[in-house]
Amino acid sequence: MKYVDEFRDPAKARYLLGEINRQIEQIATCQVRPLQLMEVCGGHTHALFKYGIETLLPEAIELVHGPGCPVCVLPMGRVDDCVALAEQGGVIFTTFGDPMRVPGSRKSLAQAKAEGADIRMVYSPLDALKLARQHPEREVVFFGLGFETTIPSTAFTVLQAEREGINNFSVFCNHITIIPTIKAILDSPDMQLDGFLGPGHVSMVIGTRPYGFIAERYHKPVVIAGFEPLDVLQAVAMVLRQIAGGRAEVENQYGRVVPQEGNRAALTALSQVFEVREYFEWRGLGSIDYSGVRLRERYARYDAERRFSLPNLKIADPKACQCGEVLKGILKPRECKVFGTACTPETPLGALMVSSEGACAAYYRFGRLQQQTPAHPQDMMDRT
Amino acid sequence: MNSHQGSRHITLAHGGGGKAMRDLIETLFVRHFHNPWLTPLEDQARIGLGELSPGGNRLAFTTDSFVVDPLFFPGGDIGTLAVNGTVNDLAMSGAQPLYLSCGMILEEGLSITLLEEVVESMGRAADAAGVSIVTGDIKVVPRGAVDKLFINTTGLGVIPEGVHIASHRAQPGDAILVNGFMGDHGAAIVDARGDLALDNPVESDCQPLHGLVAAMLAACPDIHCLRDATRGGVATVLNEFVQAAQVGMRLEEASLPVRETVRGVCEILGLDPLYLANEGKLVAIVPAEAAEAVLAAMRSHPAGREGAIIGEVTAVPEGRVVLATALGGERIVDMLVGEQLPRIC
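Protein chains in written order, with this note's numbering: chain A, 1 to 384; chain B, 1001 to 1345.
It cannot be assumed that every hint is accurate.
With a straight-line Cα cutoff of 25 Å, these simulated DSS-like cross-link-like pairs (lysine-lysine) come out [to be verified]:
no.: 1; chain 1: A; residue 1: Lys113; chain 2: B; residue 2: Lys1148
no.: 2; chain 1: A; residue 1: Lys314; chain 2: A; residue 2: Lys337
no.: 3; chain 1: A; residue 1: Lys319; chain 2: A; residue 2: Lys337
no.: 4; chain 1: B; residue 1: Lys1148; chain 2: B; residue 2: Lys1019
no.: 5; chain 1: A; residue 1: Lys50; chain 2: A; residue 2: Lys2
no.: 6; chain 1: A; residue 1: Lys130; chain 2: B; residue 2: Lys1148
Label pairs and their in silico Cβ distance ranges [unchecked claim]:
no.: 7; chain 1: B; residue 1: Ile1268; chain 2: A; residue 2: Pro136; range: 26 to 34 Å
no.: 8; chain 1: B; residue 1: Gln1246; chain 2: A; residue 2: Glu25; range: 38 to 46 Å
no.: 9; chain 1: A; residue 1: Lys2; chain 2: B; residue 2: Pro1201; range: 16 to 24 Å
no.: 10; chain 1: B; residue 1: Lys1139; chain 2: A; residue 2: Ala265; range: 54 to 62 Å
no.: 11; chain 1: A; residue 1: Ala300; chain 2: B; residue 2: Met1021; range: 52 to 60 Å
no.: 12; chain 1: A; residue 1: Arg120; chain 2: B; residue 2: Pro1074; range: 21 to 29 Å
no.: 13; chain 1: B; residue 1: Pro1074; chain 2: A; residue 2: Lys2; range: 22 to 30 Å
Just so you know, these hints were derived from the structure itself, not from any lab. From the three backbone atoms N, C-alpha and C, an ideal C-beta is built for every residue, glycine too.
The following block holds chain B by itself, in its conformation from the complex:
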């Protein structure tokens, strides 16, 4: 870290556009994101259209910002979230993710060692996902103006011809699938905040999903809906689908995959795993006749080993998600109001 003017902490000079900033970009970002689009350090990445067109006939383009406390947690960190979150937003259109940007807002006084860990982690996550971080920006704000480090990533991908995934396409009779245990990320964050001291800590499920989506599309090119179940969890995604498609949905409680430890966390805190955040889980709506084939494709992929069919799309009640409980009763699974708050007793 000698190149950072001897400082081991971020100063306002690192965002000032001068030598300190240039040094930071070259020693951290260019080194860990190394690729031919970034290395020239122009103000923009230049991408040949010819490189894009063989992959499909439409661009997918998305952006997301990442703030998380703590920055590091079992199974990931803010860097892996920033890469995989945007990769997954592209993947949910069926796109092959290709390029990311990285915008960072840093708090004055942030440890450069910590920043390097995050940047290195982003580089590794990008390599693992097969995407390149081709352009970026850093801003430094005075101490207290942000909580340590915020990241924005924008992503670009190409959607293959013939793939038309959209939330309004859910139809009565379709099957509802998820690719594994729900709520791992949400439970990992709760645990990492030190409130529970679990004997068996839960790891975040943070992972890229485009490989899994490609395998599912190979089994059924006509997947109707896909969405990664991040904040608000699976329940929120399903409520968005029923409202967009004007259909109902019926879930079977006994089919919902939830890890034992996560169930335990939910029991202790009065939380519902259907609403807990995920960072590597998707919800798919597929034609009933393709459901088993898609499930088999999911389970043969490392990101979908615990995949399950959890319910079906129904005509009524329109705009509502209903859960058939294991006891044989029924209840509505509504949109989350506010954030889930622990109950007092």
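For reference, chain A alone in the conformation it holds in the complex:
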């Protein structure tokens, strides 16, 4: 397939793996402990496991699966708000597919749908707006979720709704931004990351400049990476080359998609419609200042939080879950107390087990080759 197969060429992958091994030999730290590289984006986690890249990398590299899956960091209280919205009479609640099974404190959206709530999966916020046009007698709420990758499309949709004078459409905004989150991880006292694979899709919107502080203030290399296997391998090699050379810079491996200055039209729409929230709660990470956005006053009529009464409760994560430690790279998924036993993709306790981009779900689905038998015999029986 043109523009895809070129980035999955086994011969080029072998060359890059050779390059990675050559760089590793140059880095003294590797003799003491494995190098910890964080791939910020859930898309990278997915690619690493889907193509078996983790099994190809030398043991001197430990990949830490970062907070870049927006579904995984959605706090339970916000899921409860979604369910409450969906269960209001007259509402059509629209969402992307992957939040459907994220557990709330009482139920997930999938369970609410089974119980009769009108919840519909859409591929774009524009699909939700289309539903609002088709059902003027109903209130259509779009579950706005995701980093800067998806915020502009929500912004364009709100602007479109305003242009058309559509009044039965609103956004339940859970959009978050990546930079404050990386900063929170870097400020964590137990952090020992050596470098970052920067998120490709987010950077397509924000460009490469916002990552400058990671290199300048924290002296960690950052390489913005694409999502094909060769992208990821090349980005790893580039991070290692920086470490081996004693450099800490922001480099752009994904130059075919990511412009240095980002996407001006997307950024303009984003800032026109949204403003930063002072606090936003993340599952497993607690509240991170200035990490979320909400609709500006001018677009209040499209803001589901202002339009509907919501429980808006803060629900603590289940005690047994160690999602936060996994997100910060302190624990590997299989080191969590409940991984593969009480917490499985069929019965997720923590959000990281829900989405295909979640580190735990990826480990569970793809990454258990070391285990010769199923993680939990009872679990396998349940699935037959």
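Assemble chain B onto chain A, guided by the hints.
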């Protein structure tokens, strides 16, 4: 359609057991399913045992229900699915499919023209597969109680002597084969729902497979396992095999046949073709020494032109399917959890 009391839509009267129902059965079902077992319109089809016994020494008996949205899609419709799905469930035992029943649940208000298209399509699919729809039933439920039209088909076939296909028979060393491109049906349904607007729409692979199975059995009467890879796709079938036989499996990513357009759909939506539904694809586990002969037999049959050996059965890891990626890495191909959902970014 004048015989339906002037109505062009299904009413509750069509399920009431009276004249409207009788008219519907005679003008639609008997006409399109025409055969000597159905035409007397008794409450049951009567089949002579002597007609069955020359074909083998065991009956194969199966049932399945069909619900699909939309009812019509490129390459088929709910009617062809209802016939071929049950024919294929029989064929996966090595049986020659012979007779089907047809139960329909209709929504009040359904267009009779649409119903006739489905029934006609079932008649054509049955003729093409060489089976007869010999008995049936219709129920009409109030508007909203079903989505337009649901079909149940039950099938009866005869298994030849000496054929013993069972999912627990997979053994280390056996070869794993599929008869062609994976995921065409799943991609066709996604496309038919209008979400993608592809330039080159994918057609469903809906087709009967018993002719192909007969050709494969002629090449190797000792086929160990067969299953049609419908919902859950090839990955789910293989996981069922490894658990039943307590073996492992190793697939080669580079050998998996996937149509370019289907790969494209999967790339766009974050889906995996190994899990996409098929309606005319089977997975076969055969002794290694027979693999090439079975593959040749597959490829010489119209339903298996793109057949491929995709991997082998291994002793370990027991109960797991492992994919060797084209890059040289490995990953587990697990049972599907829930349904495949598109990723947000």
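Hints and how they fare:
{"no.": "1", "hint": "A:Lys113 <-> B:Lys1148", "in the structure": "holds (21 Å)"}
{"no.": "2", "hint": "A:Lys314 <-> A:Lys337", "in the structure": "holds (24 Å)"}
{"no.": "3", "hint": "A:Lys319 <-> A:Lys337", "in the structure": "holds (10 Å)"}
{"no.": "4", "hint": "B:Lys1148 <-> B:Lys1019", "in the structure": "holds (22 Å)"}
{"no.": "5", "hint": "A:Lys50 <-> A:Lys2", "in the structure": "holds (20 Å)"}
{"no.": "6", "hint": "A:Lys130 <-> B:Lys1148", "in the structure": "holds (24 Å)"}
{"no.": "7", "hint": "B:Ile1268 <-> A:Pro136: 26 to 34 Å", "in the structure": "holds (31 Å)"}
{"no.": "8", "hint": "B:Gln1246 <-> A:Glu25: 38 to 46 Å", "in the structure": "holds (43 Å)"}
{"no.": "9", "hint": "A:Lys2 <-> B:Pro1201: 16 to 24 Å", "in the structure": "holds (19 Å)"}
{"no.": "10", "hint": "B:Lys1139 <-> A:Ala265: 54 to 62 Å", "in the structure": "holds (56 Å)"}
{"no.": "11", "hint": "A:Ala300 <-> B:Met1021: 52 to 60 Å", "in the structure": "holds (58 Å)"}
{"no.": "12", "hint": "A:Arg120 <-> B:Pro1074: 21 to 29 Å", "in the structure": "holds (24 Å)"}
{"no.": "13", "hint": "B:Pro1074 <-> A:Lys2: 22 to 30 Å", "in the structure": "holds (24 Å)"}
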